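> Using the sequences provided together with the hints, build the complete structure.
Protein chains: 2
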Amino acid sequence: MDKKLILITNDDGIQATGIHTLARLLAPLGKVVVVAPHSARSGAGCSITPTTPVILEKVPSPLTSTFTPDDTSCCLDDIDWYTCTGTPVDCVKIACEQVLDSKPDLVVSGINHGDNASCSIHYSGTIGAVIEATLKGWPAIGYSLQTFKREPNFAPYCDAIVKIASHALNNGIPLGECLNVNFPEVDKLQGIRVARMAKGEWSCEWADASNPHGKRAFWLTGHFTNLEPESTDTDCWALEHGYASVTPIQLDMTAYNSLQMLKKNLE
Amino acid sequence: MDKKLILITNDDGIQATGIHTLARLLAPLGKVVVVAPHSARSGAGCSITPTTPVILEKVPSPLTSTFTPDDTSCCLDDIDWYTCTGTPVDCVKIACEQVLDSKPDLVVSGINHGDNASCSIHYSGTIGAVIEATLKGWPAIGYSLQTFKREPNFAPYCDAIVKIASHALNNGIPLGECLNVNFPEVDKLQGIRVARMAKGEWSCEWADASNPHGKRAFWLTGHFTNLEPESTDTDCWALEHGYASVTPIQLDMTAYNSLQMLKKNLE
Numbered sequence: 039m040d041k042k043l044i045l046i047t048n049d050d051g052i053q054a055t056g057i058h059t060l061a062r063l064l065a066p067l068g069k070v071v072v073v074a075p076h077s078a079r080s081g082a083g084c085s086i087t088p089t090t091p092v093i094l095e096k097v098p099s100p101l102t103s104t105f106t107p108d109d110t111s112c113c114l115d116d117i118d119w120y121t122c123t124g125t126p127v128d129c130v131k132i133a134c135e136q137v138l139d140s141k142p143d144l145v146v147s148g149i150n151h152g153d154n155a156s157c158s159i160h161y162s163g164t165i166g167a168v169i170e171a172t173l174k175g176w177p178a179i180g181y182s183l184q185t186f187k188r189e190p191n192f193a194p195y196c197d198a199i200v201k202i203a204s205h206a207l208n209n210g211i212p213l214g215e216c217l218n219v220n221f222p223e224v225d226k227l228q229g230i231r232v233a234r235m236a237k238g239e240w241s242c243e244w245a246d247a248s249n250p251h252g253k254r255a256f257w258l259t260g261h262f263t264n265l266e267p268e269s270t271d272t273d274c275w276a277l278e279h280g281y282a283s284v285t286p287i288q289l290d291m292t293a294y295n296s297l298q299m300l301k302k303n304l305e
Numbered sequence: 039m040d041k042k043l044i045l046i047t048n049d050d051g052i053q054a055t056g057i058h059t060l061a062r063l064l065a066p067l068g069k070v071v072v073v074a075p076h077s078a079r080s081g082a083g084c085s086i087t088p089t090t091p092v093i094l095e096k097v098p099s100p101l102t103s104t105f106t107p108d109d110t111s112c113c114l115d116d117i118d119w120y121t122c123t124g125t126p127v128d129c130v131k132i133a134c135e136q137v138l139d140s141k142p143d144l145v146v147s148g149i150n151h152g153d154n155a156s157c158s159i160h161y162s163g164t165i166g167a168v169i170e171a172t173l174k175g176w177p178a179i180g181y182s183l184q185t186f187k188r189e190p191n192f193a194p195y196c197d198a199i200v201k202i203a204s205h206a207l208n209n210g211i212p213l214g215e216c217l218n219v220n221f222p223e224v225d226k227l228q229g230i231r232v233a234r235m236a237k238g239e240w241s242c243e244w245a246d247a248s249n250p251h252g253k254r255a256f257w258l259t260g261h262f263t264n265l266e267p268e269s270t271d272t273d274c275w276a277l278e279h280g281y282a283s284v285t286p287i288q289l290d291m292t293a294y295n296s297l298q299m300l301k302k303n304l305e
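In the order they appear, the protein sequences are chains A and B.
The numbering of the first sequence is the numbering used here, which starts it at 39 and goes up by one.
The numbering of the second sequence is the numbering used here, which starts it at 39 and goes up by one.
None of these hints come from the bench; they were simulated from the model.
Fair warning: there could be bad hints in the mix.
Said to hold, decoys possible - With a straight-line cut-off of 20 angstroms between C-alpha atoms, the simulated DMTMM-like cross-links for lysine to aspartate or glutamate are:
#1 B:K301 to A:D271
#2 A:K174 to B:E243
#3 B:K253 to A:E135
No experiment lies behind these values; they were computed from the predicted model shown.
Laid out in structure tokens, this is it:
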């Protein structure tokens, strides 16, 4: 049987420990090709690069020996590594036409430094790449970890990452859907919860940035609030209680329930 | 009764004729405040600016006298104009905390130069701003026109723009939903069609960009295909047949139909 083809990308850039961990974990499951932004592109959402050329480069493996899960070192030399100066979506688009010889069996993005639960999914470059892969008809998963530490301990999440990726490789994901997986920062996961997107909001989003030229300048920041903290079926609840959340995401954003009312009023 | 408060933004930047047209058309409906990117941010999606400060400036009206719908000139001096160096999403975020004194009754984004039908919605900065407004609980509409002309003739769309905006001002939009309105390039609209997002795909997305330093460089381009051309209930069908399309969009992307199957397999 042919080896499975697995494309890996992220939004934190090719130097991030999250993507190194994904590459190490998934290398035993198939032929891994990494096409990642050459530098961090956090908050890139589904943005693309329409106004400047994008540069694609094959690069040496950035893997060091600091963390290697058991029995994977054999496959690590077989990983192909590329950087792209565009966004995470551009990485998937350019992998499709300029890097991969065939359709991947799975696209994986992350592990993001910072969670992408609730409404944060809309801003996420990690999920942007996953949405692009889904638009191309490829099974895709985004992994994110609720910490901004540069070198977090990914060990508590390895089993869940491989379990969910193996599920997608073996069973596929329905066309037009993808998986958004988030991990809490814990020593040991309570388990996996399949959960819906919580209603949430960001507030207090701007911090004054003093500017020597007298302009009004601000840093984007913010405080996230889960607007339905009592609901036990959401991604935020799972994270707050030590579980990994798995949320199936659909790309058709049509609000079907509103079609008839609008037809009556606008047609 | 207090005047309605209308926030206008776009992704083509404050100099684009599309946003000038929106400002002129909506000024008679309320107090208009414009907070737009200081330069074009096409393809920005829901991206945000986490790594550099964003500058906010009050600027003089960029309106010229080239196109003024009847009886609106009286209100044009009352429009406040701001630029922001961030993305369309940043414009809405900064308007919320640093510009507006109260919650807007309506947020309008556009008129985009280029349509945002089908899957293009995911890449759209125009719709990014609309999604952000919706996350804040504000009724929001995105308008886009299927042309890349710098100075298209917006006259055929004025009645529909005002009709849809008035509908939203008078009736609201369900929480968590917004409207994505697209216009075909025509002399006269056939009418308005309330429509779902068509399944579509972009292909042939990279054109070689010669690079004097020997790097592999590419321009993002592409060809869009409507994957269900026979379906008469889609936004693409409406545009192809001379109608404006109005698509209600929901921000909860949870694929509810897949929750049970995943629970069985992953929990």
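> Each hint: holds or not?
To see whether the hints hold, each was checked on the structure:
1. A threshold of 20 angstroms between alpha carbons decides the hint, and for K301 (chain B) with D271 (chain A) the separation of about 11 angstroms falls inside it, so the pair holds.
2. Of the supplied pair hints, the one linking K174 (chain A) and E243 (chain B) holds, its CA atoms being roughly 12 angstroms apart against a limit of 20 angstroms.
3. For the hint pairing K253 (chain B) with E135 (chain A), the CA-to-CA distance comes to about 17 angstroms; that is within 20 angstroms, so the pair holds.
In summary, this structure violates none of the numbered hints.
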